[in-house]
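Chain by chain, the residues:
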Amino acid sequence: MKTVMNGDFAASYGAMTSDVKFVAAYPITPQTLIVEKLSELVADGELDASFVKVESEHSAMAACIGAQAAGIRTFTATSSQGLLLMCEVLHWAARARLPIVLANVNRAIAPGWSIWADAQDSISQRDTGWMQVYAENNQDVYDSILMAYKIAEDNDVLLPMMVNLDAFFLSHTSEVVDLIDNDKAKEFLPAYDPEYKLDPNNPRAFGALTSPEHYFEFTYKMFEAMEVAKKKITQVGKEFGDIFGRYYDMTESYKIDDAETVLVTFGTIAGTAKESVDRLRKEGKKVGNLKIRVFRPFPTEQIIDALKNAKRVVVIDRDYSYGNEGAFYTEIKGALYDANLRIDTYGMIAGLGGRDVSTAVIKEIVEKAETSEPNKTYFIGVKR
Amino acid sequence: MLLQLKLPSIRLNKEISVEEKKIELNKVDEFPPMPVSLGSMRVNKTSSWRNFRPIIDGEKCIGCGICWKFCPEPAIFPTNPPEVDYDYCKGCGICIANCPVDAITRQDETK
Ligand code: SF4
Ligand code: SF4
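Residue numbers (the numbering used here), protein chains in the order written: chain A, 786 to 1169; chain B, 1025 to 1135.
Any given hint might turn out to be false.
Claimed, not checked - DSBU-like, lysine-lysine: derived pairs with alpha carbons at most 30 angstroms apart: (1) Lys1006(A) - Lys1051(B); (2) Lys982(A) - Lys1135(B); (3) Lys1168(A) - Lys1153(A); (4) Lys982(A) - Lys1069(B); (5) Lys1096(A) - Lys1067(A); (6) Lys1070(A) - Lys1006(A); (7) Lys1168(A) - Lys1070(A); (8) Lys1051(B) - Lys1015(A); (9) Lys1051(B) - Lys1016(A); (10) Lys982(A) - Lys1114(B); (11) Lys982(A) - Lys1093(B); (12) Lys838(A) - Lys1093(B).
In short, the hints are calculated from the structure, not lab data.
Source: prediction; values computed, not measured.
Turn these sequences into a full structure, and let the hints steer you where they fit.
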């Protein structure tokens, strides 16, 4: 059923269509609407789930961990400072191999106090063991949540997944979203039935003391699971497409076959980049765009394949790893190195704290790359 | 009264037969995905290090449920009066310290 809704509601309905049984969340702008809608859906009896009010994001994730360990499908949502407060328990959820799904509205970190789009929050949680998806539009948010459960709950994956959406550009912007029928959704995503769960009739201790004798292997198992997840994400994206007509993968290439300059983007900037590619091509510039939809696990192989013929790789980061460069830029360069590809790269930091990255800005970025020294980081639009 | 609190009464089903198999984790493929005991909680009576046991005086008890709520294990069943599960009570004394009518006393286990 096609309807118009903002990105936050798309996340709430994504959780509802996934038939989650437990929601614990703490409101924070611009995620608040996700929580409000879910509490409404539960109160109105449209969603048969427990909705638990908590006093912080740390508690929200802790409650989800408890519920998920008891064997039910859980959901939570947060943003920015809230995600940072969750940090400790994010690690816990991942190492306990609980396939929790979390919607994070990408918002800048204070100070200066900011409620606007910026991926610093989730990028700084890169090494928590969570898989990370960056949505381009509201349909992507909705579909990604459904796919996230399917991927995360796979017995060979069992890792939590974070679906990220840009503050305001998605969270508070209405678009057409095609909602999936509950019965059809159940065919795609069967009920959650984990092998390991808390059960008074089959008591187990979870997360017990683990000596140097065994800790190492549990981390190795997460490495294996992430490798499986790479394949699983592609496979589930295709399966989803075969049923619902919308195909997804870890990356998405747009007009890169003959492109000399390839932009590498994520989140809503990817949408603007594609529009920019069309405009720049009209000016005779051979530009393409590679969207990184999944950041963890990192799609190294797909990236190498997409960039191998490029002359210039221009990575746009809406984040900055203090003391180095944009996080995506570092990792894209790492992927190219793996394949012995010595291509000129440009790290472009843009759009921090919600500053708009328009087609004009992307045009400026391409021009900057054409006229600047490669293998360096540039902050785009600094007032000088 | 305890009943007014609508306390959930979850007890381990101790009747379930326990297959006491030693789990050897020598190869990574034999590991469960997360550090989880494979049923050992049934045989691991975690009360072995207890130095003293709490004794509840049913006469003094007013059935407030505070001991049940505070027990970290949890090793207290919300019956009226409450009952201690000595297989898992670790003797921390939290129940004793928090009982409002001093209905719980400590008995030395080492004697
Ligand atoms: S002594 Fe501690 S573990 Fe034992 S029943 Fe009291 S609170 Fe629980
Ligand atoms: S705290 Fe004391 S009075 Fe209250 S239920 Fe426990 S033993 Fe009884």
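Evaluation of the provided hints:
Between Lys1006(A) and Lys1051(B) the alpha-carbon distance is near 11 angstroms, which keeps this suggested pair within the 30 angstroms criterion. A hinted pair counts as satisfied when its Cα atoms are at most 30 angstroms apart, and Lys982(A) with Lys1135(B) does not qualify at roughly 40 angstroms. For the suggested pair Lys1168(A) and Lys1153(A), the alpha carbons sit about 16 angstroms apart, so the restraint of at most 30 angstroms is met. Proposed proximity of Lys982(A) and Lys1069(B) is supported: the alpha carbons are some 20 angstroms apart, at most 30 angstroms.
Under the criterion of a C-alpha separation no larger than 30 angstroms, the hint pairing Lys1096(A) with Lys1067(A) is consistent with the structure, at around 19 angstroms. Of the supplied pair hints, the one linking Lys1070(A) and Lys1006(A) is violated, its CA atoms being roughly 46 angstroms apart against a limit of 30 angstroms. The suggested pairing of Lys1168(A) with Lys1070(A) holds, with an alpha-carbon distance near 27 angstroms, which does not exceed 30 angstroms. Between Lys1051(B) and Lys1015(A) the CA atoms are separated by roughly 24 angstroms; this keeps the pair inside 30 angstroms, and the hint holds.
Between Lys1051(B) and Lys1016(A) the alpha-carbon distance is near 24 angstroms, which keeps this suggested pair within the 30 angstroms criterion. For the proposed pair Lys982(A) and Lys1114(B), the alpha carbon gap of about 24 angstroms is at most 30 angstroms, so the pair holds. Our distance criterion of 30 angstroms between C-alpha atoms is met by Lys982(A) and Lys1093(B), whose separation comes to about 23 angstroms. For the hint pairing Lys838(A) with Lys1093(B), the CA-to-CA distance comes to about 20 angstroms; that is within 30 angstroms, so the pair holds.
Checked against the numbered hints above, the structure violates hints 2 and 6; every other hint is satisfied.
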